[in-house]
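K.L.:
Sequence:
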Amino acid sequence: MLKDLPHESVTSDRGCEFYNFEQIGTGLGGTKLYYPKPHQPWQRGTNENTNGLLRECFPKKKDVTDIPNEVIQMYVRRLNSRPRKCLHWKSPYEVFYSASLRLV
176 MLKDLPHESV TSDRGCEFYN FEQIGTGLGG TKLYYPKPHQ PWQRGTNENT NGLLRECFPK
236 KKDVTDIPNE VIQMYVRRLN SRPRKCLHWK SPYEVFYSAS LRLV
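Per this note's numbering, the sequence shown starts with residue 176, numbered consecutively.
Hints may be right or wrong, so weigh each one.
As the list claims (entries may be wrong) - Label-pair distances were calculated between CB atoms; the ranges are:
1) Y210 to K236: 28 to 38 Å
2) Y268 to G227: 11 to 21 Å
3) S273 to D238: 32 to 42 Å
4) R252 to N224: 30 to 40 Å
5) V270 to C232: 32 to 42 Å
To be verified - The calculated lysine to any residue pairs, modelled on SDA-like cross-linking and capped at a C-alpha distance of 25 Å, are:
6) K237 to S256
7) K207 to S273
8) K260 to I242
9) K237 to K260
10) K207 to R219
11) K260 to N244
Source of the hints: derived by calculation from the structure; they are not laboratory data.
For every residue, glycine included, the Cβ atom is placed at its ideal position computed from N, Cα and C.
Put together the whole structure using the sequences plus the hints.
P.N.:
See below:
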């Protein structure tokens, strides 16, 4: 799922979806994969906040394979359009696409 998207690093959550994080890292080529220590949320930066935002849309233990792709994409657009303090109140879309345009 991630290999077709541009990425520099992935910071895992402590959930079971990353139980084979070594294989995930290998499958992503040169992408850095960070696996933080337990009970140290400051190692995950904005990852914890983003997880909270995701849980508003997709509660824990919800099987996302039952959710239509259109619904998932709607939530992706909503989250990526939301301004973030860590991005100087720009949205991830604004930051990503302005950086992409500078590369062209």
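K.L.:
Against this structure, judge whether each hint is valid.
P.N.:
Here is what the structure says about each hint:
Under the hint 28 to 38 Å, the C-beta atoms of Y210 and K236, about 22 Å apart, miss the expected range. Between Y268 and G227 the CB atoms are about 19 Å apart, so this pair conforms to the stated range of 11 to 21 Å. Taken as a hint, the range 32 to 42 Å holds for the pair S273 and D238, whose Cβ atoms sit roughly 36 Å apart. At about 18 Å, the beta-carbon gap between R252 and N224 misses the expected band of 30 to 40 Å.
Distance hint for V270 and C232: a CB-CB separation of about 21 Å, inconsistent with the stated range 32 to 42 Å. For a cut-off of 25 Å, the pair hint linking K237 to S256 stands: about 24 Å separates their Cα positions. At most 25 Å may separate the alpha-carbon atoms for a hinted pair to count; K207 and S273 meet this at roughly 23 Å. Distance check on the hinted pair: K260 and I242 sit about 30 Å apart at the alpha-carbon level, beyond 25 Å; violated.
The straight-line distance between the Cα atoms of K237 and K260 is roughly 28 Å, outside the 25 Å bound, and the hint therefore fails. Between K207 and R219 the CA atoms are separated by roughly 14 Å; this keeps the pair inside 25 Å, and the hint holds. With a CA separation close to 29 Å, the supplied pair K260 and N244 exceeds the 25 Å bound.
Going through the hint list in order, the structure does not satisfy hints 1, 4, 5, 8, 9, 11.
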